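Those protein sequences? They're chains A and B, same order as listed.
Just so we're aligned, residue 1 is where the first sequence starts under my numbering, counting upward by one.
Just so we're aligned, residue 1 is where the second sequence starts under my numbering, counting upward by one.
If you are wondering where the hints come from, they were derived from the structure by calculation, not from laboratory data.
Be a bit skeptical, because a hint or two may be false.
Within a straight-line C-alpha distance of at most 25 angstroms, the following computed BS3-like cross-link-like pairs (lysine-lysine) qualify [as the list claims (entries may be wrong)]:
hint, chain 1, residue 1, chain 2, residue 2
1, A, 303, B, 267
2, A, 267, B, 103
3, B, 103, B, 133
4, A, 115, B, 232
5, A, 361, B, 359
6, B, 267, A, 357
7, B, 267, B, 133
8, B, 232, A, 267
Derived, one-sided and incomplete: chain A residues facing chain B with beta-carbon distance under 8 angstroms [stated by the list, open to error]:
hint, residue
9, 110
10, 150
11, 213
12, 225
13, 226
14, 255
15, 257
16, 345
17, 359
In this text, all values refer to a predicted model and were calculated from it rather than measured experimentally.
Even glycine gets a Cβ: it sits at the ideal position worked out from N, Cα and C.
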Amino acid sequence: MAPSLSSPKTISQTFSLIPSHSFSLVSHRLPNYRNLLPRTHEPSLRLKHGIQLSFDTNSMGGFRCGAILSDVERERNYRKIGSQSTGSLSANQLLELVEAAAKTGAQVVMEAVNKPRSITYKGTTDLVTDTDKRSELAILEVVRDNFNDHLILGEEGGLIGNTSSDYLWCIDPLDGTTNFAHGYPSFAVSVGVLFRGRPAAAAVVEFVGGPMCWNTRTFSAATGGGAFCNGKRIHVSATDQVEQSLLVTGFGYEHDDAWATNIDLFKEFTDISRGVRRLGAAAVDMCHVALGIVEAYWEYRLKPWDMAAGVLIVEEAGGSVTCMDGGNFCVFDRSVLVSNGALHGKLLERIGPATEKLKSKGLLVPVLMLVLLHSISIN
Amino acid sequence: MAPSLSSPKTISQTFSLIPSHSFSLVSHRLPNYRNLLPRTHEPSLRLKHGIQLSFDTNSMGGFRCGAILSDVERERNYRKIGSQSTGSLSANQLLELVEAAAKTGAQVVMEAVNKPRSITYKGTTDLVTDTDKRSELAILEVVRDNFNDHLILGEEGGLIGNTSSDYLWCIDPLDGTTNFAHGYPSFAVSVGVLFRGRPAAAAVVEFVGGPMCWNTRTFSAATGGGAFCNGKRIHVSATDQVEQSLLVTGFGYEHDDAWATNIDLFKEFTDISRGVRRLGAAAVDMCHVALGIVEAYWEYRLKPWDMAAGVLIVEEAGGSVTCMDGGNFCVFDRSVLVSNGALHGKLLERIGPATEKLKSKGINFSHWFKPENYNSDV
Chain A
1 MAPSLSSPKT ISQTFSLIPS HSFSLVSHRL PNYRNLLPRT HEPSLRLKHG
51 IQLSFDTNSM GGFRCGAILS DVERERNYRK IGSQSTGSLS ANQLLELVEA
101 AAKTGAQVVM EAVNKPRSIT YKGTTDLVTD TDKRSELAIL EVVRDNFNDH
151 LILGEEGGLI GNTSSDYLWC IDPLDGTTNF AHGYPSFAVS VGVLFRGRPA
201 AAAVVEFVGG PMCWNTRTFS AATGGGAFCN GKRIHVSATD QVEQSLLVTG
251 FGYEHDDAWA TNIDLFKEFT DISRGVRRLG AAAVDMCHVA LGIVEAYWEY
301 RLKPWDMAAG VLIVEEAGGS VTCMDGGNFC VFDRSVLVSN GALHGKLLER
351 IGPATEKLKS KGLLVPVLML VLLHSISIN
Chain B
1 MAPSLSSPKT ISQTFSLIPS HSFSLVSHRL PNYRNLLPRT HEPSLRLKHG
51 IQLSFDTNSM GGFRCGAILS DVERERNYRK IGSQSTGSLS ANQLLELVEA
101 AAKTGAQVVM EAVNKPRSIT YKGTTDLVTD TDKRSELAIL EVVRDNFNDH
151 LILGEEGGLI GNTSSDYLWC IDPLDGTTNF AHGYPSFAVS VGVLFRGRPA
201 AAAVVEFVGG PMCWNTRTFS AATGGGAFCN GKRIHVSATD QVEQSLLVTG
251 FGYEHDDAWA TNIDLFKEFT DISRGVRRLG AAAVDMCHVA LGIVEAYWEY
301 RLKPWDMAAG VLIVEEAGGS VTCMDGGNFC VFDRSVLVSN GALHGKLLER
351 IGPATEKLKS KGINFSHWFK PENYNSDV
């Protein structure tokens, strides 16, 4: 995908994709949001700020987002997912804010952690609690108090804000809601901010321990600045043999082909590794890879808010991030594999073919929820 | 199985079973331990203390252990696994000691938790570390300093002590060794003591949190006395719908029919519940059921030291314990299902048939690791 250096153009055509599953984005402030146009079949679509959407001719009926690449990046085994630049805001400014936002959400969760839960269902097994919602409101407040002209994508509240902003906040106010509902560690608050579609800063506050011994651990990273846990620099493990590795995966709420494929991968890897854990919170699992206590994590069909922070933390801890077919990753993709790097290729030897099989069935088309409209101010 | 009230008879025939996998018990003090005889085919065998072993005609080529049941017990859905009596030692005495022993082992683990690991392999993926061994030695010392005439079964050191003792200590010095090796919570020290083959007291020290935030949580129970965590009374959850339950299982180190069957159960339950977790430490998972943060846990082919403490803690927290085919459980069985009770039957609707299928293929579910001549009610 060649970089585009043309000056920004105003887009006359709104463009969005319908997620193929039943999740719907609730957005109250964008009346045009539901004006959905058929997916474009142009080989490429050039958008504002030099982002180019193009068909990846290797994928089967899908396409990938491409960001501007430098020559240095193309020489890496796996392309870096972190943003090269952070625009008018420094990486540190963004880092300070993701941390403040995540900690604010975490305060809400900590107060609730020993109280009874008020649970409703978004789907058959997809829970949401009051705490998810209150955590998100608290986080939104922090973000908008500081930057009220950014774009925000929250799990509970959907897409709000200024669609012409370079900055997109991806917020999971309570990752691992089922675990939280049961008082079963771990779960987390995850806040990431993208600059022009690529992770720029990230913070995850993980809830560890359990009843009678709750505690938190805070992971953070800014692009190019390394990854930290409770202020200490962290790094992925050096394990390069699958049979010495401890792996993690997850299974989501939809029980279909991708789910069944991953059950097979779970079985396959349980057979050849030291074990495959299944803990129930994506951001937590990614932070565990960054911390070096597990070697890799993969899952199909996570959402941007599940991944935006975790992937940056893994990369800044020295790990690798791709889609499950080995292709370049962005937070709008429908699969992710994060690892300590050393094992990435070996894992892909099995995960890749299984994923290609799913693609050949027409699944795993990336979801692009970039809704490009003329700027709309927030009430 | 009718209770037998005849006076005790001396048994002339030794009786033990060979574990079918490659794990070998190292026992330096019992020259007869390896004197293994074929499984008896007598329809029933009457042992010391009025215990009767008989064929359960519903099982396929196996048999079940039966203990003397009172009328009250028979009315329960699932037979209690905890010991009725604790003999000459009180339940509290035993409880104090299991706790002291477990905490001593936990100290060894805590000191090691932030240091590099020295790892060797017992099998292809079955790890053991220095810490396992040192923890076990520390625990053994505590037990034998207090009761040097008891029988002890430790994961690392095997069977040692006095086989005519009523008390059998089952020690897992580091349950969840793989997790420990990676610094991945949770793992635990598990110490249980049986009186005549049935759990009498139990303590599990769970390591929670992880790097930069390690902490411990201590679970304990004495038969008839309830279950506790950090001194507070705990109780299983009340969830009675599978679709509202959070479940846990494990897969062990042998990758064969039982393993494959459990992968299918994992898949099946992931589909109908809120999720199935796989954390990697049996004693921990059972304590989580007792704590009420998950609804059930099951696994094939755990060893006595994996289960002896956890099952009592679950039962004393109000939960149910059976084998995975629904039959009566003892720590020498090769499958276990612990739950909050309310869900037990519903889980068995799926777990039972899968297990029966394994039995019909000839998979061995007979007792193992049961010390020869041990005075057991089971």
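Of the numbered hints stated earlier in the document, which are not met by this structure? Checked against the structure, the hints that fail are numbers 2, 5, 7, 8, 9, 10, 12, 13, 15, 16 and 17, while the rest are satisfied.
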